[in-house]
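Undergrad: Spelled out from the first residue to the last, the chains are:
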Amino acid sequence: MRGEISPVVRRLALVAVVALACILPVCRTAAQAQVSDADKRCLGCHSRPGLFKRLESSDHMSMVVPADVFAKSAHAANACTDCHSDVNANTHLQTRKSIKSTRDYSIVQVQVCQKCHEKESGAWQHSIHAALVDAGNADGPVCTSCHAAHAEIKGAPDLLETVPCKSCHDTIFAAYAGSVHAQPSADGKTAPLPCSACHNAHDVSVASSPAGPKNACIACHDGVLQTHQAWLPDAALHFEVVSCPACHVPAAPRRVDLQLVDSGARTRLAEKAGVPTFQTPGPSVDAIALYNLLWQSDKRHAALRGRLEVGTAEQIHQLAPKSQAIHDCHTCHNPDADAFRSVTVSVAGPDGLPIRYATDQDVLRSVMSIGSIGGFYAIGATRIGLLDVLLILAVLVGIGVPAAHLLLGAIVKRHLRARDAARRRPE
Amino acid sequence: MKRIYVHPLPVRIWHWLNATGFVAMILTGIQIRYVGMLDVIPFRAAVQLHNWIGFALIANYALWLGFYATSPQIRCYLPDLNLRRFFSGSLRQMRYYCYGMFAGDPNPHRISARNKFNPMQASLYQLVMVVLVPVQAYTGVLLWDVQRFSAQVNFFGGVRVVDTVHVLIFIFFVAYILVHPYLGTLGASRTGQYKAMITGYEEVEDAAETGDRQ
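From first to last, the protein sequence lines stand for chains A and B.
For the first sequence, the residue numbers in my numbering are 3 to 429.
For the second sequence, the residue numbers in my numbering are 298 to 511.
Isolated chain B (complex conformation) (with noise of 0.2 Å):
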């Protein structure tokens, strides 16, 4: 096993930060639109919340993006223009994550810091930070003051389109959320991942170890 420092400071302030957030605008989100039917905190108290962990995630995500837009690390949230590379190697990973990592075979990406998504997790994050984060902050900041936005909401199609929009992609993190930890354990061990998110850190398995050639 060897160490690569593939986590900055920065991406994992952002990463916790974010997931604590998302959670948070998760139930508070819940709150919001099952008031009535479930009524853990007020009303009022959870828009108030909301509102201010959605500007406060938005300032974090300027965080993720100043870094990134200045980091050469950006290379991992861009998307692989060989579609055949691409698809090869996200079919290799599917293969592995099926039946490779439990029959003991070696992880077909190898994390480098420059590289840390493999093609699977890549189109996913890509998706995730590039498009769904950001028209979601967009659709929430609409929302937080439909009358000021009341112009952009109207050019959409009215309050309903923009909030059915938001909830949409709020159903689509209720998913993310639940299923992210999860995905965190599949590293070389099944805490690897979590230690590398705090450290730094990621322990991967020498090419050596696995017969590799590279």
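So that you can see chain A by itself, here it is in the shape it has in the complex (with noise of 0.2 Å):
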């Protein structure tokens, strides 16, 4: 019968199964074998299931490490007490060490990993995860939140299928999968990216900042901008003001994101705590607000800048292949462009992340956006309306003169012809 399998495929199915079971057990041993005599002391309490320690949070913390575990991972190399160097071999059973929550332990344990991974840490400590945690952020990631210590395999965060970023990332991690990153280049030559190829490993920055993840796009893509001025008029005006997946993402909704900047430093402003830039909850954003906003006293050196760029994070990382990319001018430079009716204001909040306030959809067409958002026009789609009906005036003052100085001429011309009608008439 077709697709039933035969007596040899089976047998030799059962000789790989007892093989590989045989074999198995000898490669743990051997792995085991970095293990140091000390760090087996270490592990002869530690590996034993169930074992835990009580927190001042009355939370109970896992103490376990499983050997085999820890015997294949990137920190098998290290002695115990190459981290844990508080503990004393001779007294650690005697000595009870208070841990307020395991929150608190994995924040003490980032010095420890500094040690050994003072570039990585450096890096972190510049990121939007080191300021979350700075403003007290409880999901704030610290080095244990992606890396398990005591599991840790070399060059597993750079592979898609084992980047940590999806334990907290998950809705994003499950939109990239779509993506054309997260696919095998078409000649299988490249691996689908992992999130550190555009984000960073460690330096992970505020994922609406600019120059980040364009800089990241860039940095692959080579000679992008010269490909694009083949076709694109004011190419690199165009890369300043719209985000890569903007045309990138040809399903998604546009919108336009008005950032506080310092005009000098070009960088974010960031929101006080508890002082919001706008009343909240409030109506929307309108003109005069930003207009006002500007020209407040401390404001004297901030700017908006626009940034026209996908609604949402997951959309962001739904990227198309080249072919499917926005091409068509009209997409954007059209009076009824949906990105132009979405208008959001942004400033950074204490913790890096930006705050968005929404505001009116014809904040980019009013005469007021003059002196608030200068630094931002798209052509045919952020008109402002009063200069339209100038352009209105203008071209009936221009028909309205020639045909006001005809109709003065037949009537001045009338009046004469009058007068010497009546001069000529006998009294």
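Rather than coming from a laboratory, the hints here were simulated on the basis of the structure.
Accuracy of the hints is not assured; some may be wrong.
[Unchecked claim] Reference excerpt, derived from the structure (chain B facing chain A, CB under 10 Å, subset only): (1) 345; (2) 441; (3) 445; (4) 483; (5) 484.
Just so it is clear, the structure is predicted and the values come from calculations on it, not from any experiment.
All C-beta atoms in this analysis are idealised placements derived from N, C-alpha and C, irrespective of residue type, glycine included.
Hints are included, so try docking the two chains, each in its own frame, into the full complex.
TA: Take a look at the structure:
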């Protein structure tokens, strides 16, 4: 019968399974051999299942380090006391160390990692992840949030299948699965790109930062400006104002984000904690409110930098193949373009993440925008309505002046004829 | 009637190139500004045409400037610092356009090669050629490559500010280009000034014919 497994194959499979069962323990034993005798002493207790420590917060923290997992980890070559230098093997059992919470312990451990991973730790200090920790965010990632210290496999974070980012950014990760970057290249030479390829592994920047992700694109797509200059007028300006996904995720809705920045340094201005830039909850920000914001005495050096971007973080990660990218100018340079009807004003929050305020959809078309959004203008899409009225008036003047002059001439001539006729009339 | 040579060849070449270029700039400008509402030619083609014609007009302006800078005719583009004479002359000219020309009165302005504009024309052309055209060309160049000239664009307050100035002058030129052909018919005859801008010679009334005493 077709589809039935032949007895020969069944026998071969059985032999393979038995052989694998014999080999695996040997492999594990070989790996365990890397662990020193001193460490084996530690693992003697800490590899027992169910070992835990009661914390001040009355939570339980697992103290289990599976010996086989640790033996395969990148840290297997290190002694336990390399990281746990505060532990004295002779007095360990008699000493009770007080730990407030798992979170507190993880934060303290950052300094331990720093001893060996100075470069990575330094980069992390400047990341949005560190900013979240500094701001007291309980989910702000520290070293152990991404790296399982006792099970870390070298190179695992560089593979899309084992990247740690998905534990927090699961929705983005799911969206990214459909991205052109999440697929291997057609020739099979390039593997799917892990998150760190664009976002860096440790100095992760705010996603909406214009320089960060864009520089990541340009870093791989060499000569991309020249490629765009071949068909896109004012390509360099488009590169500054339009985010890459705005064209390369063609199906996503777009919006304009007006970022409050320092006009000199061009860095984002931050909002003080508890002092919102605009009333919340409240009406959407209108053109007058924006104008007033920039003319406040403490905002003399502030400016609004407009940026065309994709609506959500999930959509940003759904980059389409190049052939599907938007090439048609009309998509944006159009009075009905959806992007310019959806406008937000964003200010950096205390943790560095942008705080967005909804604005009136006509804010980009107001005459007040000349004084507030001077740096952002999209031909055909953000025309100031008053100038359109002036153009109509100019056309009326252009037609009306000759018409009025001709009419004046007719009236004057008629008047003169009537006067002459009156003079010629006999008294 | 006598004929006076008022428009030398470089001026006539400049004038007709400028007129053609201005019409083309206004049409492509309207296409660029109102893309999506008005799609006569593709947006990208309109932008490229606008840029090329713009640079051609700047070169043409250089021709005009080069000619007048080396010609005694430059006088007609210099403002009359005698304000009393300027205002009284303008009022006389205004009265002529509103009444006198229909009543058969002589034109109060006597055309000569070195004084071809009446006070109203002179002030308008000085505004156009000395202020508006250079500002329009400058803002146009900034908008042509905002990134390259970002320091200057930011100095003026950003691309929207520069664009607004460019559009305001464009609006003025729309009115100007509509009125200008009509003003050309207000010479000694309806077609006299058109012929003059082709041949260089303008027909003017003799003082004897008009009884005008100089």
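Undergrad: Could you run down the list of hints and mark each one as holding or not?
TA: Structure-based check of all given hints:
no.: 1; hint: 345; verdict: holds, 7 Å
no.: 2; hint: 441; verdict: holds, 8 Å
no.: 3; hint: 445; verdict: holds, 8 Å
no.: 4; hint: 483; verdict: holds, 8 Å
no.: 5; hint: 484; verdict: violated, 14 Å
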